[in-house]
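Use the sequences and the hints to build the structure in full.
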Amino acid sequence: MTNTQVTLSGLTLSNPVIPASGTFGYGYEFAEIYDINCLGSFSFKGTTREPRFGNEPPRIAETASGMLNAVGLQNPGIDKVISEELPKLRKVFRKPVVANISGFSIDEYAECCERIDKEEGVGLIEVNISCPNVHCGGMSFGTSPESAAEVTRAVKAVTSKPVYMKLSPNVTDIAAIAKACEDAGADGVSLINTLMGMRIDLRHRAPVLRNVTGGLSGPAVFPVALRMVWQVYEAVRIPIIGMGGVACAEDVIEMMLAGATAVEVGAANLVDPFASKKIVEELPRVMERLHIENLTDIIGGAHHG
Amino acid sequence: MYNVDFKIISNRKIAKNTFEMTLSGDTRGIAPGQFVNLKLDGFYLRRPISVCDYTPDTLTLIYKVVGHGTEAMSKMAPGETLDALTGLGNGYDTSRSGDRPLLIGGGAGVPPMYVLAKKLLAEGKKSTAILGFNSADEAFYEAEFKALGCETYVTTADGSYGIRGFVTDAMDLDYTYFYTCGPEPMLRAVYNKSVTSGQFSFEERMGCGFGACMGCTCKTKYGHKRICKDGPVLTREEIVW
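Protein chains in written order, with this note's numbering: chain A, 1 to 305; chain B, 1 to 241.
Mixed in with the good hints there might be a few duds.
Derived lysine to any residue pairs resembling SDA-like cross-links, with alpha carbons at most 20 Å apart [unchecked claim]: (1) Lys39(B) x Ala247(A); (2) Lys88(A) x Glu119(A); (3) Lys225(B) x Glu85(A); (4) Lys88(A) x Lys39(B); (5) Lys219(B) x Arg52(A); (6) Lys7(B) x Thr58(B).
Between beta-carbon pairs, the in silico distance windows are [unchecked claim]: (7) Lys13(B) x Glu32(A): 34 to 40 Å; (8) Glu80(B) x Asp173(A): 45 to 51 Å; (9) Arg289(A) x Lys13(B): 30 to 36 Å; (10) Tyr161(B) x Val92(A): 51 to 57 Å; (11) Ala143(B) x Arg203(A): 52 to 58 Å.
Covered stretches of chain B, going by a simulated chain A footprint (3 or more residues, C-beta under 8 Å) [what the hints assert, rightly or not]: (12) 42-50; (13) 197-206; (14) 211-218.
I should point out that these hints are in silico values taken from the structure, not numbers from a laboratory. Computed from a predicted structure; not experimentally measured. Think of the CB as a built atom: it goes at the ideal place given N, C-alpha and C, for glycine as much as any other residue.
Here you go:
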């Protein structure tokens with residue numbers, strides 16, 4: 001028998017598979033094609049205080065083994081998320097959800113987190129200080145240990161739910177930023193957000209994306225994400241949600257061996273809408289093959305001494 | 001949305017850089033104006049291709065070779081399989097057509113007009129089609145439209161076949177409503193020239209094709225719409241250029 005349960009700061013998930021924010025909307029598109037209650041949880045679309053259209057199109061470009069996106073935090077705003085999206089979501093998903101919150105000021109982060117903290121269906125809050133596609137916000141809070149700590153403290157002061165800071169890979173030392181979040185009271189960290197990249201259209205001799213740059217995701221980033229999870233695991237004692245290019249159950253195991261307690265699946269959902277479900281179903285078989293009884297036993301299992 | 005493995009029956013060149021692929025497989029849930037999203041070996045994102053025609057167990061797609069993905073598609077052989085997500089997008093609403101609808105397709109925007117013409121004609125509506133191409137060597141499906149019983153005009157930008165000019169140069173006709181698909185400059189020109197309401201099918205770079213990623217959102221008079229899920233068909237009244 002295999003046991004796929006994992007626990008994130010007191011929140012027990014039936015398995016570690018969590019569709020990543022921005023690749024799963026608020027769940028409905030997927031609930032139409034399968035019962036999404038098979039998932040450990042899912043992280044809903046990054047939400048800000050005000051409604052946002054996001055960036056002008058084109059917002060998507062293809063790359064080798066991956067894609068760039070420059071959506072720019074399109075979302076209906078925290079009011080609508082609480083009054084409309086969450087009640088709709090409760091009808092299709094019975095488990096606690098991960099609330100992904102973003103912002104353009106410390107006050108905005110705190111206000112949104114304080115409001116989402118009161119929502120019963122929210123299991124933990126993932127604070128996005130790493131969106132590469134907005135200006136004067138998002139990633140600018142996640143690129144220095146000081147500002148990452150400042151957001152963490154502001155959010156922790158107004159919430160009782162576990163707070164996971166979502167970190168950017170576009171930094172010189174992600175472990176130092178993770179450590180700063182831990183010292184400021186974060187319950188966990190979630191990494192990585194997308195890697196900043198770009199493509200140029202040869203015919204038009206201009207960037208493909210209207211925003212010029214976008215965030216790279218997909219299997220292309222998996223080794224980078226894995227390396228960062230590894231480094232952060234060595235630097236902090238709080239749990240890590242690992243993500244970046246995860247596409248199969250073996251990738252989940254690899255992320256967990258590097259130090260992740262749970263794993264988010266992102267771009268894979270867009271290419272195969274059944275990807276997260278398939279990973280959940282495949283996981284026990286892969287565990288059996290690898291002689292893993294309890295999934296929690298392997299967290300950080302590749303670190304020796 | 002369904003995930004269907006189709007088998008290629010034929011894949012032939014019908015005009016310059018233009019191929020017609022016929023596939024066998026379950027087409028349930030497909031409607032005129034919708035698209036399918038194809039997984040190609042070696043490419044990360046799927047390729048959205050509009051539906052040209054279908055029966056309960058066959059699907060016809062016409063695609064233009066514009067990049068490595070469609071080039072790879074053009075080399076696929078009968079017997080090979082293609083993983084497709086089907087039933088994507090809202091499709092055309094034929095209930096508003098009146099009794100004399102006009103169908104205007106440009107280039108790769110011609111194929112969805114074919115299955116739409118079939119449906120409108122089956123509903124007893126006297127349908128007229130304008131098919132616009134750059135030149136004679138890019139033109140296709142004139143005979144197919146005519147065989148449906150659809151009055152058909154062909155325009156070419158260089159005058160090498162049919163009416164010289166753009167689709168708008170053939171639009172001085174009597175019609176109750178219109179449906180159009182083609183490159184955005186053509187859609188704008190049709191918008192400006194047309195004298196009735198109508199439906200426009202738009203293209204945008206997509207991530208998923210089924211509404212999850214917000215990669216293809218556009219602004220309309222009635223809020224933000226995802227081209228892949230709330231579109232690709234928008235009505236004249238809601239378009240913001």
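*asked:* For the hint 34 to 40 Å, verify it against the beta carbon of Lys13(B) and that of Glu32(A).
replied: Given about 37 Å between the Cβ atoms, the range holds.
*Satisfaction of the hinted span 51 to 57 Å by the C-beta atoms belonging to Tyr161(B) and Val92(A)*: holds (53 Å)
*Counting residues of the segment 197-206 of chain B whose CB is closer than 8 Å to a CB in chain A, do you get three or more?*
Contact hint for the segment 197-206 of chain B vs chain A: holds, 3 residues under 8 Å.
*asked:* Quick check: do three or more residues in the segment 42-50 of chain B have a beta carbon closer than 8 Å to a beta carbon of chain A?
replied: holds (count 4)
*Decide if the proposed pair is consistent with the structure: Lys219(B) and Arg52(A), CA atoms, cutoff 20 Å inclusive.*
holds (12 Å)
_Given the hinted pair Lys88(A) and Lys39(B), is their Cα-Cα distance within 20 Å?_
Measuring from Cα to Cα gives roughly 31 Å; hence the hint is violated.
*asked:* Tell me if the straight-line CA distance from Lys7(B) to Thr58(B) falls inside 20 Å.
replied: Holds - the C-alpha atoms of Thr58(B) and Lys7(B) are around 9 Å apart, at most 20 Å.
*Using the Cβ atoms, figure out if Ala143(B) sits within 52 to 58 Å of Arg203(A).*
Hint violated: Cβ distance 32 Å, outside 52 to 58 Å.
*With a cut-off of 20 Å on the C-alpha distance, tell me whether Lys225(B) and Glu85(A) pass.*
Holds, at about 16 Å.
*In terms of beta carbon proximity below 8 Å, does the segment 211-218 of chain B have 3 or more residues touching chain A?*
holds (count 8)
*Starting from the hint 30 to 36 Å, judge whether the C-beta atoms of Arg289(A) and Lys13(B) obey it.*
Violated - the Cβ-Cβ distance for Arg289(A) and Lys13(B), about 47 Å, lies outside 30 to 36 Å.
*Range hint 45 to 51 Å: satisfied by the CB atoms of Glu80(B) and Asp173(A)?*
holds (48 Å)
In this structure, the earlier hints numbered 4, 9, 11 are contradicted, and the remaining ones agree with it.
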